[in-house]
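**Student:** Below are the chains, spelled out letter by letter.
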Amino acid sequence: MISSDFDPLSEEILKSRLSKARLIVIALFAVLLVQLWLIQIAWGPIFRRQSEGNRIQQRDITPFRGVIRDRNGDILAGNRPSYDIYVVPKEVGDRVELADKLSSLTYMDSDSANERLKWASKRSSYKPVCIKKDISRDELAVLEAHRFNLSGLLVEAKPVRYYLYGSLGSHLIGYLGEISEKELRSGKYPDNKAGDMIGKAGVESAWQHMLTGVPGTERLEVDAAGRIIRVLSRKAPESGQSLWLTIDRRLQSLADKALEEKKGAIVAMEPATGRILAMASSPSFDPNVFVEGVGQDTWSRILKSEGYPLQNRVVSGQYPPASVFKIVLALAGLDKGIISPEDEIFCSGSYHLGGHEFRCWKKGGHGAVNLHRAIVESCDVYFYNLGRKLGVDVIASYARRLGLGAQTGIGIGGEKQGLIPTRAWKLKRVGEVWHPGETMSVSIGQGYVSATPLQIVRMVSAVFNGGILYRPQIALHIENAAGEKTHVFQPVKEGEIGISKKAISVVRDAMIGVVNEPRGTGSKGISKEFVAAGKTGTAQVVRISRERSEGEGDQSELAPELRDHAWFAGIAPADDPKIAVAVIIENGGHGGRVAAPLAGELFSAYLGSK
Amino acid sequence: MPLFPFPSRVRDMGSREIFILRCAPFGHEGRQVFDRRLIQNFDWLLLILLLLLAAISVANLYSAIYPTKAFGGQAIFYRQIYWFILGFSVFLLVTTFNYKSLERLARPVWLISVALLVAVLILGKWTAGSRRWLSLGLITFQPSELAKISVILLLAKMLSERDHVAEYTLRELVKPILIILIPTALILKEPDLGTALLLVFVSGSMMLFARINWKIYLGIGITAIGCVPLLWLGLKDYQRERILTFLNPDRDPLGAGYHIKQSKIAIGSGQLWGKGYLEGTQTKLNFLPEQHTDFAFSVFAEEWGFVGSIVLLALYFILILWGLDIARNSKDKFGTMVAVGIVCIMLWQVVINLGMVMGLLPVVGIPLLLFSYGGSSLISTMAMLGLLMNISMRRFMFQEGSGLGQ
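Chain order of the listed sequences is A and B. In this text, residue positions in the first sequence follow our numbering: the first is 1, and each later residue adds one. In this text, residue positions in the second sequence follow our numbering: the first is 1001, and each later residue adds one.
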């Protein structure tokens, strides 16, 4: 019998097994069919969308940030291209080899390049990841030349902020930083998305919404490696609007230079409009450092560094105004009719109240002084007397009329309001009644009194412009991309000081005397080509040192941080004011010697150029 | 009742007695009759299915490589056509001799294939981390393809040498298990997990068909599964890691997970009618991995949609059921078992590949039968289909040298 033949029985068994096998085949194909139906029909639309999502990549096109110009149209902040290296991890053949190539072609070293590539491969595989921002032009040229054997590498250009003059006016202009999660959620930045750079300080922050522009979008067909196959549609971005500032670049640069190696602030204002001509604070910083974002460690280093370079001392530095505050008392006394210009007070070098001795800065005393001489020579005893007569609350009410103790409304973040104490204030905040002795300190602008340089320059401006308090203005006009002015900022009167013309004119004459009379405390360092006016101040840093030494004496033996702050607030020309300046040099020493000459430089430069 | 409801099949003369009576008086004239019948019994359906699948596969390959040129571009397309022509010659060649002669050759062929598998481990070309290719002068081929056929043949011989009534005992199973496990282990060593797995599936299915006691099967299964954790515990950490990586080469979600996801997106986005020939964006934009080999079906499904996919699925379905019919109609157990083995290979290749690209099964590199690019597997597939044709054509014939006929 042939082994391979079937006997009838086994043929029957075979048949039954084959039909079972057929059932299994049908079942398996049914499973495949059901899955096919699920994927293609039931979930088909979902997968179709996903395939579109794969194929089409929507990319935002970063708009050009609005240019910031000075009052003459000089560009202070513009844009430049930044070339960033991207990598598509899946396209990279040999990582170590690519890292070696990168280190030989760019300024990256091979270890950090390798590190970045490894980091990138963890983040994505087919989407490009940025591994190095803002390469130099020579790096770009070399990379472009070697493009053919750098697979997986892309170089993309995008506009970034560029501050043409580095640290010039950096506190006014501000700087950029990556938008934070909190800012994103606040809803105040509708045109921005995660990773965008937004203004974080100064003008960049205050006019962020106008400078930022509207991002464009591009619908691109891309392949799996992220390579662009073609552009499906494109909506061009709208550049941000340009902002013309009220500052004058040359004056600003002079102010910056005046503060070099010093701590302090200078602010110059157009008295008739409130427009800021220059605003400098020192130490300063180069905002270009921030344009691509900085790491946490760089940040904390900057924040903790000596002298708080990011602080804009013009708006947020609160200093005792010292003798500059005497302007307030003089105006109050005259306006209230408590004193007349002719009244004389004898200065013996000190004033006694309640067993305490309050000294004049001049040890021997000034002798008999009237208001004019008291201001010109900055006699403290005269103002102790005047302050006593006025009382702290009257002083405070005049100080407030002159714009002290409240924000000026300049609109740059971080503005402080200074402090003008009253009896009620002390009771409420300190929990003690006001001591008459404290009025003495207030009378010479010490004690609780503090003011920002911006408030001081505005006060001086008001004295010379007929009594109008302008809101400090930093924006001149807005210009769209086509160069048309879309908005012109007009000077805003915040109010009038409401002090009699006569009182004002007496104080003005005295302030002219400060600069122009031989014994005036501000007579040094200011050109006599025009008639300037002003008031010096020397703010005590250490309370215990009762030795006041304005105008004379030597502080050079004192430790630098214990030296007095030097103040000068002035205006020129006095008969037709064009520029008002406030200068504060921290621990600089005497206001007349240190601060006034700096103001003098600005006067000369500004008036000379006209 | 026929197993498969297709016409053109004459079953009324299937009884051996009639056959012998008719044939015996003619003596050696019988041979001429048989030759004529050979032509008459030519299995046109099998041929048509084969040609249809080949045509669709080549057209699909053109689309898969159309956009990128990254895999060698047009060259791949022409090479595959060349492989088909060569494969078709092999197909025809295999139909010329009587498959019965393979029964005698089964053992030596198996030994040769094992020898080649050993050789490939020593002399094989390393490509992409495995040794699968053996170079024999002008041609390079994968010995694992020959191993698939040889295991089927030897297993078919052993299983057909015994009647199908009684169930196998455990002792009787030692030999078939060795026949399967020796080449499987060697293929695993290459490593080629896909082919090894396919071999286990196919021979397992054949054994099941040969009616092994389900208790034995259960015993083997439980023992195997029981060994896994023991083995696992005995391994060192780095070895486990290696095995996990081996089982799933890209364990990160961007790797294998990404491939399956993109494959499902490709298939699903085809929806009912497909995106149109050469219009598949997943393919064109390179989102699909291995689009000309393992994931060739995804390319097809994206462009031809549910309708096209059903047509393709139907062709495979018909081919496999037709194979079962051929197994049923074979006049000897060996032919039946060989046909069953071939059907199993076709079935598991189709099911595993489609299951994989549709996300039902993990990614193991098994190409789609007659559809994926690749010469070695195509030639062996054509040889197996030739064998099927061979069995189909000789369904009414007497065995050569089978005593009674002469």
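A couple of the hints might just be wrong.
[To be verified] Calculated lysine to aspartate or glutamate pairs in the EDC-like style (CA-CA distance at most 20 Å, straight line):
no.: 1; chain 1: A; residue 1: 193; chain 2: A; residue 2: 183
no.: 2; chain 1: A; residue 1: 101; chain 2: A; residue 2: 91
no.: 3; chain 1: A; residue 1: 493; chain 2: A; residue 2: 438
no.: 4; chain 1: A; residue 1: 158; chain 2: A; residue 2: 134
no.: 5; chain 1: A; residue 1: 193; chain 2: A; residue 2: 223
no.: 6; chain 1: A; residue 1: 15; chain 2: B; residue 2: 1161
no.: 7; chain 1: A; residue 1: 193; chain 2: A; residue 2: 181
no.: 8; chain 1: A; residue 1: 158; chain 2: A; residue 2: 100
no.: 9; chain 1: A; residue 1: 101; chain 2: A; residue 2: 52
no.: 10; chain 1: B; residue 1: 1261; chain 2: A; residue 2: 52
no.: 11; chain 1: B; residue 1: 1100; chain 2: A; residue 2: 196
no.: 12; chain 1: A; residue 1: 90; chain 2: B; residue 2: 1161
no.: 13; chain 1: A; residue 1: 158; chain 2: A; residue 2: 218
no.: 14; chain 1: B; residue 1: 1261; chain 2: A; residue 2: 223
no.: 15; chain 1: A; residue 1: 127; chain 2: A; residue 2: 223
Rather than coming from a laboratory, the hints here were simulated on the basis of the structure. Note that this is a predicted model, so its numbers are computed, not measured.
**Student:** Take a quick look at whether residue 101/A and residue 52/A sit within 20 Å of each other, Cα to Cα.
**Tutor:** 36 Å, violated
**Student:** Quickly compare the C-alpha distance for residue 193/A and residue 223/A to 20 Å and report which way the hint goes.
**Tutor:** 25 Å, violated
**Student:** Does the structure keep residue 101/A and residue 91/A at a Cα separation of 20 Å or less?
**Tutor:** Cα-Cα ~15 Å, so holds.
**Student:** Residue 158/A and residue 134/A: Cα distance at most 20 Å?
**Tutor:** 9 Å, holds
**Student:** Given the hint that residue 1261/B pairs with residue 223/A, test it: the Cα-Cα distance must not exceed 20 Å.
**Tutor:** At roughly 16 Å apart (the allowed maximum being 20 Å), residue 223/A and residue 1261/B satisfy the hint.
**Student:** Need the status of pair residue 1100/B, residue 196/A: alpha-carbon distance at most 20 Å?
**Tutor:** 77 Å, violated
**Student:** Is the hinted pair residue 15/A and residue 1161/B satisfied, with a Cα-Cα distance of at most 20 Å?
**Tutor:** The hint holds at about 18 Å.
**Student:** For the pair supplied as a hint, residue 158/A and residue 100/A, is the alpha-carbon distance within the 20 Å limit?
**Tutor:** The hint is violated at about 26 Å.
**Student:** Do the alpha carbons of residue 1261/B and residue 52/A lie within 20 Å of each other, as the hint requires?
**Tutor:** Distance ~14 Å between residue 1261/B and residue 52/A Cα, so the pair holds.
**Student:** Just to be careful, I want the Cα atoms of residue 158/A and residue 218/A compared with a cutoff of 20 Å; is the pair within it?
**Tutor:** Holds, at about 14 Å.
**Student:** Is the straight-line distance between the alpha-carbon of residue 193/A and that of residue 183/A 20 Å or less?
**Tutor:** 10 Å, holds
**Student:** If you draw a straight line from the CA of residue 493/A to the CA of residue 438/A, is it 20 Å or shorter?
**Tutor:** 33 Å, violated
The earlier numbered hints that this structure contradicts are 3, 5, 8, 9, 11 and 12.
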